[in-house]
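This is what each chain is made of:
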Amino acid sequence: MSAPIIKIDGISKSFGTFKVLDGLSMQVMPREKLALIGPSGSGKTTILRILMTLERIDSGHIQIDGEQLYHMERNGQLLAADERHLARMRQKIGMVFQLFNLFPHKSVIDNVTLAPILTKGMPRAAAEKRAMELLDMVGMADKAKAMPAQLSGGQKQRVAIARALALQPRIMLFDEVTSALDPELVEEVLNVLWRLCSETDMTMLLVTHEMGFAHDFADRVLFFDRGKIVEEGKPDEIFRNPKQERTQGFLKKIIAAGHRV
Amino acid sequence: MTQWSGYFGLILQGALVTIELTLMGSVLALIMAFLAGLGRLSRFFAIRALATAYIEFFRGTSIFVQLFWAYFVLPFIGISLTPLQAGVLALGLNVGAYAAEVVRGAIQSIGREQYEACTALNLGRWQAMRHVILPQALLVMLPTFGNNAIELLKATAVVSLISLTDLTFQAQVVRSQTGNTLVPFTTILIIYFALALIISWGVRSLERRMARGLDGVRV
Numbered sequence: 001m002s003a004p005i006i007k008i009d010g011i012s013k014s015f016g017t018f019k020v021l022d023g024l025s026m027q028v029m030p031r032e033k034l035a036l037i038g039p040s041g042s043g044k045t046t047i048l049r050i051l052m053t054l055e056r057i058d059s060g061h062i063q064i065d066g067e068q069l070y071h072m073e074r075n076g077q078l079l080a081a082d083e084r085h086l087a088r089m090r091q092k093i094g095m096v097f098q099l100f101n102l103f104p105h106k107s108v109i110d111n112v113t114l115a116p117i118l119t120k121g122m123p124r125a126a127a128e129k130r131a132m133e134l135l136d137m138v139g140m141a142d143k144a145k146a147m148p149a150q151l152s153g154g155q156k157q158r159v160a161i162a163r164a165l166a167l168q169p170r171i172m173l174f175d176e177v178t179s180a181l182d183p184e185l186v187e188e189v190l191n192v193l194w195r196l197c198s199e200t201d202m203t204m205l206l207v208t209h210e211m212g213f214a215h216d217f218a219d220r221v222l223f224f225d226r227g228k229i230v231e232e233g234k235p236d237e238i239f240r241n242p243k244q245e246r247t248q249g250f251l252k253k254i255i256a257a258g259h260r261v
Numbered sequence: 001m002t003q004w005s006g007y008f009g010l011i012l013q014g015a016l017v018t019i020e021l022t023l024m025g026s027v028l029a030l031i032m033a034f035l036a037g038l039g040r041l042s043r044f045f046a047i048r049a050l051a052t053a054y055i056e057f058f059r060g061t062s063i064f065v066q067l068f069w070a071y072f073v074l075p076f077i078g079i080s081l082t083p084l085q086a087g088v089l090a091l092g093l094n095v096g097a098y099a100a101e102v103v104r105g106a107i108q109s110i111g112r113e114q115y116e117a118c119t120a121l122n123l124g125r126w127q128a129m130r131h132v133i134l135p136q137a138l139l140v141m142l143p144t145f146g147n148n149a150i151e152l153l154k155a156t157a158v159v160s161l162i163s164l165t166d167l168t169f170q171a172q173v174v175r176s177q178t179g180n181t182l183v184p185f186t187t188i189l190i191i192y193f194a195l196a197l198i199i200s201w202g203v204r205s206l207e208r209r210m211a212r213g214l215d216g217v218r219v
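Protein chains in written order, with UniProt numbering: chain A, 1 to 261; chain B, 1 to 219.
Calculated from the structure, these hints are not laboratory results.
The reader is advised that the hints may include incorrect statements.
Said to hold, decoys possible - Output of the computed footprint for chain B on chain A, the stretches with three or more beta carbons under 8 Å from beta carbons of chain B:
id	segment
1	9–15
2	84–91
3	94–100
4	112–119
5	178–188
6	204–218
Said to hold, decoys possible - Pulled from the structure, derived: some chain A residues nowhere near chain B, Cβ distances all over 12 Å:
id	residue
7	Pro-123
8	Lys-129
9	Pro-148
10	Gln-150
11	Arg-246
Since we're looking at a predicted model, the values are computed, not measured.
The beta carbon of each residue, even a glycine, is placed where N, CA and C say it ideally should be.
Could you build all of it, start to finish, from the sequences and the hints given here?
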């Protein structure tokens with residue numbers, strides 16, 4: 001049994017007086033595919049944002065790959081992480097956003113090559129070669145020269161996935177990556193996630209409302225409510241036979257809203 | 001009529017001085033705008049304070065007085081400027097203060113999601129600013145920069161007060177020599193207007209060029 005790649009230990013986070021996360025602890029093993037589900041405001045997106053260092057924690061500790069994320073060890077003392085430490089830790093993590101967040105002034109291929117060239121000092125030719133491989137994998141190689149404004153939502157999201165992959169993170173965070181898409185475009189993005197799931201050994205955390213996909217994709221499903229993990233287990237256990245009342249209530253509402261489980 | 005052609009030559013020479021002042025003043029204004037505009041967004045209090053002080057001071061005092069100060073008062077502390085230098089300095093610093101707020105506003109208008117994408121891609125603060133935020137913000141700044149440049153063009157008329165032979169100065173020379181007010185002042189009115197039109201056209205075509213591919217869509 002190897003050590004967990006993500007170890008979250010008693011973290012809390014408030015926005016004003018609203019406590020989003022309340023003493024949350026959880027672990028993720030290397031290569032594990034995790035689905036985070038739950039009602040909006042339950043804290044699942046906040047966890048991804050905290051792991052990507054887009055939000056800071058109020059208390060608690062996080063270890064990524066055995067190293068503290070928000071703390072640095074200096075002479076046996078734990079200090080708050082500085083920007084350099086955070087930058088080093090971020091190399092292990094990539095994130096794909098609900099609204100794609102592509103750079104509108106850069107072509108598809110420049111979106112993908114920008115970070116490898118700037119942060120890893122990759123030569124442009126090598127970065128472009130790698131970008132084309134990734135774009136090919138997400139089925140966007142023929143649009144390499146296009147501008148983001150010319151693409152559909154599903155195409156944008158596939159480019160965003162290639163862009164995150166270009167930095168070769170060990171952990172990928174997907175934050176409701178199909179929620180902003182028209183229904184007919186959801187599948188092309190989910191197909192890409194499937195390929196990543198089966199062809200790479202990245203650890204993947206997926207926040208989603210696509211229950212059917214979560215069921216097929218995940219090794220483990222976590223149901224969140226009010227900043228806590230209410231229930232977790234294998235997809236079959238959670239979706240077919242939820243034990244907690246709140247999980248049952250949530251799934252009932254989701255099914256009533258027309259989502260496939 | 002022959003005498004008029006000589007006077008028109010004088011006015012055209014003035015136009016060249018006005019154009020020169022406008023160009024040099026704009027360059028200084030642009031530099032100051034980015035220095036102070038970025039300064040106002042700095043993490044460091046001292047830099048923010050310095051940028052704010054500059055902006056408030058130069059927006060809050062008259063361009064006349066600033067020009068006189070640069071030309072007549074600076075020599076007392078050992079800095080003697082030519083009329084052109086004093087003119088460029090006063091105009092550039094004055095208009096730069098207004099344009100700095102344009103720079104700040106444009107940068108702040110870029111959505112938070114762009115900054116977050118930069119963080120997720122591990123870009124440093126300056127890398128994000130240089131490659132992602134500023135190129136988008138520049139497009140937001142351009143129309144107002146055009147306004148600022150036209151303001152600067154019109155403000156160049158004040159340099160005639162420190163004996164710089166710009167358009168307005170030459171018109172006054174012509175008026176005093178010919179006794180005719182209508183012709184010289186109507187002529188420079190038209191020239192100022194034509195120059196302003198050139199600036200607007202230039203800025204608009206630059207805008208079109210930079211917006212190519214964006215389709216006005218923020219992703």
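Claimed clearance of chain B by A:Arg-246, with the beta carbon kept past 12 Å: 30 Å, holds
Non-interface claim for A:Lys-129, where every Cβ of chain B lies beyond 12 Å: Check passes; 19 Å lies beyond 12 Å.
Claimed coverage, the segment 9–15 of chain A by chain B - three or more beta carbons nearer than 8 Å: violated (count 0)
Whether chain B covers the segment 112–119 of chain A (at least 3 residues having a Cβ closer than 8 Å to its Cβ atoms): It holds, with 4 qualifying residues against the three required.
Verdict on chain B covering the segment 84–91 of chain A, criterion of 3 CB contacts below 8 Å: Answer holds; 3 residues pass the 8 Å Cβ test.
Verdict on A:Pro-148 as a residue remote from chain B, using beta-carbon distances over 12 Å: 5 Å, violated
Outcome, coverage hint (the segment 204–218 of chain A, chain B; C-beta under 8 Å; three residues): violated (count 0)
Cβ contact check, 8 Å cutoff: the segment 178–188 of chain A against chain B, three residues minimum: violated (count 0)
Verdict on A:Gln-150 as a residue remote from chain B, using beta-carbon distances over 12 Å: Label violated. Min Cβ-Cβ 8 Å, cutoff 12 Å.
Outside-interface status for A:Pro-123 - nearest CB in chain B farther than 12 Å: Since the minimum Cβ distance to chain B is about 17 Å, A:Pro-123 lies beyond 12 Å and the statement holds.
Cβ contact check, 8 Å cutoff: the segment 94–100 of chain A against chain B, three residues minimum: holds (count 5)
Of the hints listed earlier, those the structure fails to meet are numbers 1, 5, 6, 9 and 10, in rising order.
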